[in-house]
Amino acid sequence: MPNSVIRVGVVVFPGSNCDQDMIDALSAYPEVSVNKLWHKEHDLQQSDLVVLPGGFSFGDYLRSGAIARFSPIMREVIDFAGKGGNVFGVCNGFQVLCESGLLPGALLHNTSNRFICRNTWIMPEPNNSAITAKLAPGQALQVPIAHGEGRFYANEDTLRMIRDEQQVIFRYCSEYGEKADEYNPNGAIEHIAGICNQKRNVFGMMPHPERAADAVLGNTDGRLILDSLMHTLFDLPALVLDTHNAHSVVS
Amino acid sequence: MQTTDQLTTVETAKKLGLLPEEFERIKEILGRTPNFTELSIFSVMWSEHCSYKNSIVWLKTLPREGAGMLAKAGEENAGLVDIGKGYACAFKIESHNHPSALEPYQGAATGVGGINRDIFTMGARPVAQLNSLRFGNLKLDKTRWLLKGVVKGIGDYGNAFGIPVLGGEVFFDPCYNENPLVNAMSVGIVKVGETASATSYGAGNHVYIVGSSTGKDGIHGATFASGDLNEESAKDLPAVQVGDPFQEKLLLEATLEVIKTGAIIGMQDMGAAGITCSTSEMSAKGEHGMNIWLDKVPTRQEGMQAWEILLSESQERMLMVVEAGREAEVEAVFDKWDLHHAIIGEVIEGGRLKYYMKGELVADVPANDLVLGGGAPIYHREYKEPAYFSETKKFDINSIPEPDNLKEIALHLLGHPNIASKRWVYDQYDSMVGTANISTNKPADAGLLYLKDTGKVLAMTVDCNARYVHADPETGASIAVAEAARNLVCSGAKPLGVTNCLNFGNPYNPEVYWQFVGAIKGMGAACRAFDTPVTGGNVSFYNQTVLDNSTVPVFPTPTIGMIGLMDSPEEAMGLGFESAGDLIFMLGSSRNDISSSQYLSSWHKVALSPAPAFNINDELVLQAALATLTKGKLIESAHDVSDGGLFVTLAESGFVNSLGCDIQSEQGIRNDAFLFGEAQGRVVVSVKPAKLEAFKTALEQHSSLTFKQLGHVSSAEVKVDDISFGQIKNLFGLYNNALTNIMHEQL
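Here the protein sequences line up with chains W and F, keeping their order.
The numbers in the working numbering rise by one with no breaks, and the one at position 227 of the first sequence is 285.
The numbers in the working numbering rise by one with no breaks, and the one at position 695 of the second sequence is 676.
Everything labelled a hint here was simulated from the structure, so no lab data went into it.
Hints may be right or wrong, so weigh each one.
[What the hints assert, rightly or not] With a straight-line cut-off of 20 Å between C-alpha atoms, the simulated PhoX-like cross-links for lysine-lysine are:
{"#": "1", "chain 1": "F", "residue 1": "Lys677", "chain 2": "F", "residue 2": "Lys612"}
{"#": "2", "chain 1": "F", "residue 1": "Lys689", "chain 2": "W", "residue 2": "Lys98"}
{"#": "3", "chain 1": "F", "residue 1": "Lys388", "chain 2": "F", "residue 2": "Lys586"}
{"#": "4", "chain 1": "F", "residue 1": "Lys689", "chain 2": "F", "residue 2": "Lys672"}
{"#": "5", "chain 1": "F", "residue 1": "Lys700", "chain 2": "F", "residue 2": "Lys388"}
{"#": "6", "chain 1": "W", "residue 1": "Lys94", "chain 2": "F", "residue 2": "Lys317"}
Only chain W is shown next, with the shape it has when bound in the complex (with noise of 0.2 Å):
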């Protein structure tokens, strides 16, 4: 599709507090013009890819996401992703995906119970999914997260599936790659940050990395994940790429 406009809406929730970031770290595309679709509508306005952002859709007091599935944009989506359209969710939006049954499994409170906000090193998965198609194997990377809810859970049966078609995208690490406990903010299960679903056209992840684009925050780990989605579906160019910190030492 080059030499056309890529069409990305980021749906807009009440409470969506990271959809501004998200709309700026899409925006650094030329070729991507980025529109805001909000909750009461039912028009998708002919979006390639849908993101949904992180926030508090509806103040989440209930359980994060569980609200917002209700919400007329939502129907819109879950029929364009069930016809095979492209859907990103961050955070929140990974939250709302779960409660909407366009991804396996649950998001259940940190095992810490408390809100946690810092960089973690995140390692993906080679699972032939658009969002991890470019990034380099085996090279960890350093993405922050910002969530109370974001241990990820499936029964037994469901992460059985989630292996068997390989539906992992990324893993919660040490900056060199180990994985164990110490390096898993959340407790999630088998340390996963992310998943995507069986056709591989919805995209689930707890880390932002719309907080790791930009050279001016030192930190653009989080580019290299939007530019793998963006180069596969869409064949646009990577952007910057220079002063990501993969092995770099962080305190």
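Please build the complex by placing chain F on the supplied structure of chain W, with the hints as guidance.
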């Protein structure tokens, strides 16, 4: 309608926290005896919280003029400073101490909500938050309960609201056992000329209430915050409000959107004293009156009395005066955000506020007599030097034998909750939402926020070492300002302005008031020296607890919030050493001074000593030199010497990139003073050997600056005079985990 008809007596007035002479004054103003509703109105508006009656005389001595000031202290809900390219920064700090002492979670959460509303009610979008917290002895269960609750309250509210926390401080001392201090600061950005004002005019314009319904929470909160806490205070629990950050987020977006319609005459959030305060302050400012129909106010419960509706401090509410005929435009915005709204009154000529309940006039008061700068009382309180002050001066460093277990002391300090990493606290705050926090991956002495619209960087910090202020209020408060400015300059920014949060004991105690007066004098002197006008802030008195007939006031704690600016992110200076082999210099002088240090306090258990050495002219010279070095890109890192002294500074600079250092001590300076003393006016910088000549040349123009090479950055070990103090990664483990371990072990 007993509550409204009943005429009041001086006894009722006293129960509401008014003085007998204030009751007489109210009778004079009204020309009659007030009814209960009216007396309630006066009691909250004339409480210290709203009127500043015991502090305004001294607050007015603070410098409020400056080149970049767009709104001066007291003019609007927060100060407004020009930050270039057509943008302004609104910022303010406020306390929520009393509610947090009783109900830490909601107390702290609503503190965050309140300060952010102060910012967006001016039309500015909050972009960063900071907080300054004081707690008692961390070994007490109660302290840990308070810390857990306050941090979770700040986190849950701010995280959902979606504004990053860029900085803060946490300090522990037994003087805060019963009275924790919770000071929250918000920083917002607005285009010059697009601000909203807290005013009301134009007879016939409608008065809207927008946001949450009004409940019985927080009634008399302002009066409650203006008295000592005691064993009975828990019974005041309904005076603590409950927060709803989702509602606040809706209110924020709707407020900013509705301002763009141009149909808003003025707006003010509902904070202390609720509808009473907003209607009277807006009316007084706009020199008009209002008819308010209290029965039109959406309430959470049936049967609320007029005075309850008037005084309720239910959160997430705004009062807006809308140009007549443009109601539909405004209501469309509220409806988009699913916000409740109701017309509850109209603007009238003249200056009277007439409150009606179902057609009956329940209170009729003149707006201007209620407010600060109008008829609210102003007191000159007496003050007297407390006995302990002369005791502090008797301290002699020679009474402390020079220790030979320096490494043990260093480890004690790195693991002390006042020095150790506050990671357990700040990991619970979203510090990165907004994708503009450039200190995440390059820590600096101040929080640095990239302004996407202008390409500039806003720097911010909160500082106050209350132990210094207790030791010497005047010097201690000057140090708080100097340290804040130093932190901004270390980070590469130029200081612009100050907001303050003045936490003290009971102003009717002359010794407490002496601390207050001293602190204001010291703060004023320093703010003038650094050319950082005070743009606003908040006074919190009565931070003391009456227990078993003894009164325990907190350390006088005048928290300084300061903002600064740099032209581009390229100018940002980190605090971490960059590479082994770089040379380490100290700008400023080592002194034989351990006064009021963490070392003297927690290792030697010496409670009284003077404030550490401080000279404001040296500080100005230091900061000017530092600015030259950062602008010239002649240094790799800058980190000031503050709590814990030089050793802690070196360790913290090493932690960032896991680098050690090799340092030589200074002849003629005691080793403990060299490593752990907290004499002011010192900054540790690192310099690439290749830039050494340029570094020295640049400093020639700052000839009165003393500076000295301490040693160099090394790969892994911290050494002083060839003696190892440990591997940096081990020291970091201790520093990084100390607070977490304490919180996990004991709860």
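Hints, one by one, checked against the model:
| no. | hint | verdict |
| --- | --- | --- |
| 1 | Lys677/F x Lys612/F | holds, 15 Å |
| 2 | Lys689/F x Lys98/W | violated, 64 Å |
| 3 | Lys388/F x Lys586/F | holds, 18 Å |
| 4 | Lys689/F x Lys672/F | holds, 16 Å |
| 5 | Lys700/F x Lys388/F | holds, 10 Å |
| 6 | Lys94/W x Lys317/F | holds, 15 Å |
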